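Engineer: Chain by chain, the residues run as shown.
2 protein chains.
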Amino acid sequence: MNLQQLRYILEVARQKLNISEAANALFTSQPGVSKQIRQLEEELGVDIFVRHGKRLTGITPPGQAVLEIAARMQQEVNNLRKVGAEYSRSDEGQLSIATTHTQARHVLPPVIGEFLARHPKVKLKLHQGNPRQIADMLLNADADLALVGEPLDEYEALVSLPCHQWNRCIVTPPDHPLLREEPLTLEAIARYPLITYDEAFSGRSAVDRAFLGRGLKPNIILTALDSDVIKTYVSMGLGVGLLARIAFDPVADRRLGMRDVAHLFETSTTRLGLRRHTWLRGYEYDFIQALSPHLSRKVIDRALFSAPEDGENYSV
Amino acid sequence: MNLQQLRYILEVARQKLNISEAANALFTSQPGVSKQIRQLEEELGVDIFVRHGKRLTGITPPGQAVLEIAARMQQEVNNLRKVGAEYSRSDEGQLSIATTHTQARHVLPPVIGEFLARHPKVKLKLHQGNPRQIADMLLNADADLALVGEPLDEYEALVSLPCHQWNRCIVTPPDHPLLREEPLTLEAIARYPLITYDEAFSGRSAVDRAFLGRGLKPNIILTALDSDVIKTYVSMGLGVGLLARIAFDPVADRRLGMRDVAHLFETSTTRLGLRRHTWLRGYEYDFIQALSPHLSRKVIDRALFSAPEDGENYSV
DNA sequence: GACGCTTACGTTCGTCGTAACTATT
DNA sequence: AATAGTTACGACGAACGTAAGCGTC
Chain A
1 MNLQQLRYIL EVARQKLNIS EAANALFTSQ PGVSKQIRQL EEELGVDIFV
51 RHGKRLTGIT PPGQAVLEIA ARMQQEVNNL RKVGAEYSRS DEGQLSIATT
101 HTQARHVLPP VIGEFLARHP KVKLKLHQGN PRQIADMLLN ADADLALVGE
151 PLDEYEALVS LPCHQWNRCI VTPPDHPLLR EEPLTLEAIA RYPLITYDEA
201 FSGRSAVDRA FLGRGLKPNI ILTALDSDVI KTYVSMGLGV GLLARIAFDP
251 VADRRLGMRD VAHLFETSTT RLGLRRHTWL RGYEYDFIQA LSPHLSRKVI
301 DRALFSAPED GENYSV
Chain B
1001 MNLQQLRYIL EVARQKLNIS EAANALFTSQ PGVSKQIRQL EEELGVDIFV
1051 RHGKRLTGIT PPGQAVLEIA ARMQQEVNNL RKVGAEYSRS DEGQLSIATT
1101 HTQARHVLPP VIGEFLARHP KVKLKLHQGN PRQIADMLLN ADADLALVGE
1151 PLDEYEALVS LPCHQWNRCI VTPPDHPLLR EEPLTLEAIA RYPLITYDEA
1201 FSGRSAVDRA FLGRGLKPNI ILTALDSDVI KTYVSMGLGV GLLARIAFDP
1251 VADRRLGMRD VAHLFETSTT RLGLRRHTWL RGYEYDFIQA LSPHLSRKVI
1301 DRALFSAPED GENYSV
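Residue numbers (our numbering), protein chains in the order written: chain A, 1 to 316; chain B, 1001 to 1316.
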């Protein structure tokens, strides 16, 4: 048994059971991968993959267990490398963040500014995507941490911690009647065509719940992943924008009207997402604390090494 | 990096930083171990061991972190092998139990009898020792599970689950005055020379606490690890034995007097000990449940994969 | 017939053990 | 002087890549 073999089976599983693709992704030959996998299966005494003739068509029950363990071991290999890097070149490294547009555009800038000043040798990478893509990036270790709008409970290998709370505002063209409406109610807003975030997005479900709770059916004419896109269409007069309060900038958006509507919607929580059992670099703890001061090293470690809340456990 | 290197550094750490001893234990040459360790250190970019000239004299801070991760990985390697064995030869295997004399002699026999009938191909190994030795056997994977009288909280890598509760009796030579003493009190018992378990033992602290609580200073003339030894000395007339109620067998010990003293001492709890993050064989779950029916697979898994209660975490 | 896994084989690289060397106690 | 770790080197074995073979789709 060796680490290579574990990398191979994980990559094959990730590449939908295609050994050739896996060999490709691993920059090695296909027969090599094939052989190593058979050797591992032989050593363990069980088949990991189901074979129909010469094709892989599935994962056996023991294979499932083996893959889970192998994934944890791969994680630990990463941790070892991180330990090495942390102690030999503690100020250098890379930090890969997966997040949504709103966070990247309106929340992260000051955090990143401060971070880069303190850690000039760390290379930052920002990945954008929808919540689903963000979770995948974390799982595949394409991202070290994520900033999302919802708990990541569905993914057993991930953990999420509350970061900050936020609420919404409406943006309108200048001199829009809603700007003078008193009191401002959901009913009033629902009278106008709305432009807001895509359904895939976190905060969106709170919006739907609020309207539904009053028996209202808002006319959402356009959804987007991106606050800037929403504002653009609002300024074209297509409707009223409903977006994160933080996404409105009084200076840049001085040609739009804005009203806070925090009293109409439940607050939403931005969460920090991490892979469980990850060994974090010193600057990663730093970044997280810059993001949200209550997330101390202790709090983070506790979350990383706690048990999953419920549901399936690691074992089979 | 490979698994061999991780085995090597772990063995060196275990052998008190003596590479030659480690090579011996690993059935390989000393230069080979030396070289592999240097290669690993080179790859990670940090020293794992502190060297004074050519001797290893300590573990560096990154080395500490590396060793912890390596230990977890070695655990996972075991888990992989177990998965293989479970699915390829689910009825065969080995079960190594570390426990104290009392458990081995009086609690385990019926459990083991039932177990062997259900799993005739499993080889059982019983290891005896004091609690300290038992914990070490678990940690070194010399034992798969342990039965001890106290929580294993001090060992971060271990977890313990309550198994059963027990209390004590006194045994005396026939016609001893204590057999007729009413009511039977601690004061009465303390008037006689006592023979009981060694201090290293679990239940022993409850005994000391009980006497101390009444301001009594019992005259403990002899301690032993073994109920049979205690009974032998009692039958020689050397004193009164204080031992686990379950260790008295009315038939075999018919030439001794016995009185239950559960009302005088707090109950003690026998606990099942396991290494965290261990993948258990099907028959291991079976054995544990035969030992204590409430320890279902679910309960066990929850304990195995929960976070340590407090104190240091895995990270550095 | 195209795609995909396995077998076969020669080359290359890594690992192992012995022996010689060097440093510490 | 004895013990312990490193360096050097030749032998063995494992892994890799190419090429050919065989099963599915």
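Just so you know, the hints here were simulated from the structure itself, not pulled from any lab data. All figures in this text were calculated on a predicted structure; none of them were measured in a lab. Mixed in with the good hints there might be a few duds.
Quick look at which bits of chain B chain A covers, simulated, 3 or more residues with Cβ under 8 Å [as the list claims (entries may be wrong)]:
#, region
1, 1067 to 1076
2, 1086 to 1099
3, 1160 to 1166
Straight-line C-alpha distance at most 20 Å; calculated SDA-like pairs for lysine to any residue [stated by the list, open to error]:
#, chain 1, residue 1, chain 2, residue 2
4, A, 16, A, 32
5, A, 54, A, 116
6, A, 54, A, 2
7, A, 82, B, 1255
8, A, 82, B, 1049
9, B, 1298, A, 54
10, B, 1082, A, 67
11, A, 82, B, 1002
12, B, 1082, A, 54
13, B, 1298, A, 42
14, A, 16, A, 77
15, A, 82, B, 1123
16, A, 82, B, 1041
17, A, 82, B, 1057
18, A, 82, B, 1045
19, B, 1082, A, 16
20, B, 1082, A, 61
21, A, 35, A, 75
22, B, 1035, B, 1057
23, B, 1125, B, 1111
24, B, 1298, A, 61
25, B, 1123, B, 1088
26, B, 1082, A, 14
27, A, 82, B, 1001
Every residue gets a Cβ at the ideal spot worked out from N, C-alpha and C, and that includes glycine.
Engineer: All the hints need checking, so say for each whether the structure fits it.
Structural biologist: Taking the hints in turn, this is what the structure says about them:
no.	hint	in the structure
1	1067 to 1076	holds (count 5)
2	1086 to 1099	holds (count 4)
3	1160 to 1166	violated (count 0)
4	A:16 - A:32	18 Å, holds
5	A:54 - A:116	52 Å, violated
6	A:54 - A:2	24 Å, violated
7	A:82 - B:1255	67 Å, violated
8	A:82 - B:1049	18 Å, holds
9	B:1298 - A:54	38 Å, violated
10	B:1082 - A:67	13 Å, holds
11	A:82 - B:1002	16 Å, holds
12	B:1082 - A:54	27 Å, violated
13	B:1298 - A:42	31 Å, violated
14	A:16 - A:77	23 Å, violated
15	A:82 - B:1123	41 Å, violated
16	A:82 - B:1041	13 Å, holds
17	A:82 - B:1057	25 Å, violated
18	A:82 - B:1045	10 Å, holds
19	B:1082 - A:16	26 Å, violated
20	B:1082 - A:61	14 Å, holds
21	A:35 - A:75	24 Å, violated
22	B:1035 - B:1057	17 Å, holds
23	B:1125 - B:1111	14 Å, holds
24	B:1298 - A:61	19 Å, holds
25	B:1123 - B:1088	17 Å, holds
26	B:1082 - A:14	24 Å, violated
27	A:82 - B:1001	13 Å, holds
Hint check: violations occur at hints 3, 5, 6, 7, 9, 12, 13, 14, 15, 17, 19, 21, 26; the rest are consistent with the structure.
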